[in-house]
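**Student:** In case you want the letters, here they are:
Number of protein chains: 2
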Amino acid sequence: MNSCTLCIIWTYDNVYDVHISSALLSRILKMEESNPKDFIYDPKLLQEIDFDKEHKIQYNPPISLSKPAPNLVVRPFSRQDINKAQCDVMFSSPKSYFITVIEDTSTGQIVGNATLHVEYKFYKKCGLRGRIEDIAVHEKYRGKQLGKLLVEVSTLLARRVGCFRVSLHCFAKFIPFYSEQGFYIDELENLMWLKDSYLEKN
Amino acid sequence: MNSCTLCIIWTYDNVYDVHISSALLSRILKMEESNPKDFIYDPKLLQEIDFDKEHKIQYNPPISLSKPAPNLVVRPFSRQDINKAQCDVMFSSPKSYFITVIEDTSTGQIVGNATLHVEYKFYKKCGLRGRIEDIAVHEKYRGKQLGKLLVEVSTLLARRVGCFRVSLHCFAKFIPFYSEQGFYIDELENLMWLKDSYLEKN
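Sequences listed follow chains H and G, in order. If you read the first sequence in full-length UniProt numbering, its first letter stands for residue 1, the second for the next number, and so on. If you read the second sequence in full-length UniProt numbering, its first letter stands for residue 1, the second for the next number, and so on.
Bear in mind the hints are in silico, worked out from the structure with no lab data behind them. There could be a bad hint or two in this list.
Identical copies look the same in the list; a pair holds intra-copy or inter-copy alike.
Claimed, not checked - Here are the simulated DMTMM-like pairs of lysine to aspartate or glutamate, each with C-alpha atoms no more than 20 Å apart in a straight line:
hint, residue 1, residue 2
1, Lys53, Glu200
2, Lys173, Glu187
3, Lys173, Asp186
4, Lys56, Glu180
Computed from a prediction, not measured in an experiment: that's the story for all the values here.
Using the sequences provided together with the hints, build the complete structure.
**Tutor:** Here it is, written out as structure tokens:
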């Protein structure tokens, strides 16, 4: 625990290796000593969620934001989770990237992540429109309702920051999972993708 | 033209009134004198698009990025198009909000707008994922292929800034329109919305 520990961030289609420093790890364990600027959003946002009162999803057995499972902590993504200069834009875009991770403090590994990405609109009084993306839990940690917790934390964050609308897109097999989380399909709306050929340089 | 002119930004579900100053208007007319910082993205990005070479969509009669129609100019959204303090976040988020407008320089009105919103990912080498949003053209200016032009300009911008994926969502009646623009529906992906009740405060 005194040296850098390899962490992996899981996404649907990628495994991304990052290093987490022991310094960060000890700051996480003593969250009150951490510098909020180290995190992609203020950790207070999570601390201020009154999960017992606000949560709407049922967990069986019960888990919570503050107690997801032994050794696991839910916290914002950290500047030190990743060492990519080009990611600075994420940290310098105010109140846009609400990336939450679950870390196993016994190993220093990130075992789950979720992104609430917020777009500011120039209409609706500069309203905020949220999107939930990149929900993933390491296969070894599945069956602990952590994905469910990550999605609910993201929706609670969306409500807290004042999103007027939140969406996600998913494969058909995940529709029942997200339906239980309060999501529904509006048959009037259609998701369309741009063909790759339109993105390739001439 | 020497006083403030009322402009309106159209979106699907909103009409948003903004004022445009004559100072801005004259700067637009002499784009080379404008301060790039006034715009939400660098106007050079539009100027650098070799539309004749890069465009893939057919226009009949032919129109182009530099010549959409008499009196109309295509330019980035400007800080002075809107006077809302809370919109500052859009201008202080680097390379995230590529909002393009079409302005009728004879009236100073914004008659069309399109947003390419870019999300930075912590995976795919911090790749960029684009979304096209808020395509709208004032009803008086329809039938001039301006919506088509706005969508194509947004996809050309997406390619230029290096998006690896671009999507949009739309009502069924617009599917043929976006299909002609290079968009397709992937039956495996489903768009889901969060119920409003999950966003309301307790």
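**Student:** All hints, please: hold or fail.
**Tutor:** Okay, the hints, checked on the actual structure:
1. Lys53 x Glu200: Cα proximity of Lys53 and Glu200: across copies only (14 Å, versus 49 Å in one copy).
2. Lys173 x Glu187: both (17 Å within a copy, 12 Å between copies)
3. Lys173 x Asp186: both (17 Å within a copy, 14 Å between copies)
4. Lys56 x Glu180: within (10 Å within a copy, 42 Å between copies)
No hint from the list above goes unmet by this structure.
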